[in-house]
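*Asks:* Sequence:
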Amino acid sequence: NLSPWEEWFIGKEKELRARLQARAAEEMNIQLEKMKQKQECERRKRIAEEKHKEWVQKKREEERRERERKLTKEMAEKATRELEKMQLQEKSQEKYNEWLKKKRAEEAEKKKKEKEKEKEREAELQEKKARSEKIFKEWLHNARNKPRPVLYGYGFPRGKSAGCADGHLYPAPAYCNPIPWKPVHVPPPKEDNVLTVKKKSKRPVSCQSRVSSPMVIYKPKDNLCVGSLCRKQ
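Numbering (the UniProt record's numbering), first residue to last: 1 to 233.
Keep in mind that the hints were calculated from the coordinates and are not lab data.
Be a bit skeptical, because a hint or two may be false.
To be verified - Calculated cross-link-like contacts (lysine-lysine; reagent style PhoX-like; alpha-carbon spacing at most 25 Å):
1) Lys117 x Lys101
2) Lys103 x Lys78
3) Lys113 x Lys103
4) Lys45 x Lys58
5) Lys70 x Lys58
6) Lys115 x Lys103
7) Lys53 x Lys38
8) Lys95 x Lys119
9) Lys117 x Lys103
10) Lys73 x Lys85
11) Lys112 x Lys128
12) Lys85 x Lys70
13) Lys38 x Lys51
14) Lys102 x Lys91
15) Lys91 x Lys78
16) Lys117 x Lys128
17) Lys101 x Lys85
18) Lys45 x Lys59
19) Lys91 x Lys103
20) Lys113 x Lys101
21) Lys45 x Lys34
22) Lys73 x Lys59
Being a predicted model, the structure only gives us computed values, none of them experimental.
Input sequences plus hints: build the corresponding full structure.
*Replies:* Structure below.
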């Protein structure tokens, strides 16, 4: 049998041991809780890092796709601009070729018209020349074959030459004014004017009347010999 002190001591030891065990269990629980919390933090941190990596990767992928989209858009716009430029150049070249073709056609048409006009002028000149030669030949033929009139004129009294071997004298006028000549009445000058005229004049005025030979108006049949006088062979 145990004494009361031993029982008390044993009780105290049991109580102390129980407290120590409880404290150890509590500390263990605390350690376990801390470990769990640490593990949870690490897990969350790992998840966060993974999510961050995923976000970064996704962001980079989006940026890459955006760059590719922009690059594709820029390339498409550049290709469109180049195509429009080429089309515009082709259109401009086509318009220039059309204008050049039209201009050359106009110049060719202009040259053709000028050549035609030149040919027409040459033909007209040739026709005028031929017509003139024909008229001249007809006139010459008629002039040679028609009868010669008797010459009555200056130096040719009754058709005979008077004192001139070659007959180079003035022919009879082709026209004679039927109205007789009348002298113009001039009032007598004043005495002062008469004296002045006498002083200034050095030569005497000769008033000689010239008697003209009888004139005959010859009217030929055709208009080619109007006013002409043919010599008698």
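*Asks:* Each hint should be assessed against the structure and marked as holding or not.
*Replies:* Cross-check of the supplied hints:
no. : hint            : verdict
1   : Lys117 x Lys101 : holds (24 Å)
2   : Lys103 x Lys78  : violated (36 Å)
3   : Lys113 x Lys103 : holds (15 Å)
4   : Lys45 x Lys58   : holds (19 Å)
5   : Lys70 x Lys58   : holds (18 Å)
6   : Lys115 x Lys103 : holds (18 Å)
7   : Lys53 x Lys38   : holds (22 Å)
8   : Lys95 x Lys119  : violated (35 Å)
9   : Lys117 x Lys103 : holds (21 Å)
10  : Lys73 x Lys85   : holds (18 Å)
11  : Lys112 x Lys128 : holds (24 Å)
12  : Lys85 x Lys70   : holds (22 Å)
13  : Lys38 x Lys51   : holds (19 Å)
14  : Lys102 x Lys91  : holds (16 Å)
15  : Lys91 x Lys78   : holds (19 Å)
16  : Lys117 x Lys128 : holds (16 Å)
17  : Lys101 x Lys85  : holds (23 Å)
18  : Lys45 x Lys59   : holds (20 Å)
19  : Lys91 x Lys103  : holds (18 Å)
20  : Lys113 x Lys101 : holds (18 Å)
21  : Lys45 x Lys34   : holds (16 Å)
22  : Lys73 x Lys59   : holds (20 Å)
Comparing the model with each earlier hint shows violations of hints 2 and 8; every other hint is respected.
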